[in-house]
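> Sequence:
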Amino acid sequence: ILQAEIGCAFCQSCGVVTGDAVAANSLVSAGFGFFMLFAGFFRSPDKLPLVWRWATYLSPWRFAFQALAVNEYWDRSGTITMESQSALTGQQALSLIFDIDHDIRFEYTGVMVGYLLFSRLLGYAILKYKKPPKH
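Note that the numbering used here gives residue 94 to position 73 of the sequence shown, counting from 1, and the numbers run on in steps of one.
Everything labelled a hint here was simulated from the structure, so no lab data went into it.
Please read all numbers here as calculations on a predicted model, not as lab measurements.
Built from N, CA and C at the ideal position, the CB exists for glycine as well.
Be careful, since some hints might not be right.
To be verified - Label-pair distances were calculated between CB atoms; the ranges are: (1) K149 / V43: 21 to 29 Å; (2) Q113 / W75: 36 to 44 Å; (3) K68 / L142: 31 to 39 Å.
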């Protein structure tokens with residue numbers, strides 16, 4: 022639910038910035054593509070080139086994805102078998118994949134709430150101070 026709200030807030034901010042539906046659609050598509058590319062779905066953030074690692078911190082999807090992974094596997098009883106490793110616990114697998122060494126669920130939820138508030142407030146501020154177009 023929080024991730025959907027972040028997406029809506031981002032779309033609202035893009036719509037307010039551009040003021041045009043076609044331009045807003047293009048900006049939202051580019052923004053979502055950027056977020057997905059650097060969220061860690063395709064490549065682990067620590068395996069990205071050093072020049073692009075900063076971009077992972079801008080993606081709200083990264084925080085949601087990793088918080089969900091920790092929620093599912095942190096306290097998992099039993100073992101997980103991965104291709105190149107022997108049987109691992111959930112914490113060991115998360116440490117290997119995402120370099121997570123502690124429970125980050127609540128930290129990343131706080132980051133997502135901050136991102137939501139920032140996006141909403143940015144949209145409202147731009148809407149308040151943006152001058153209407155002259156016809």
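> Each of the hints needs a verdict: does it hold here or not?
Status of the hints after comparison with the structure:
1. K149 / V43: 21 to 29 Å: Taking Cβ atoms as reference, K149 and V43 lie about 24 Å apart, which means the hint holds.
2. Q113 / W75: 36 to 44 Å: Given about 28 Å between the Cβ atoms, the range is violated.
3. K68 / L142: 31 to 39 Å: holds, 34 Å
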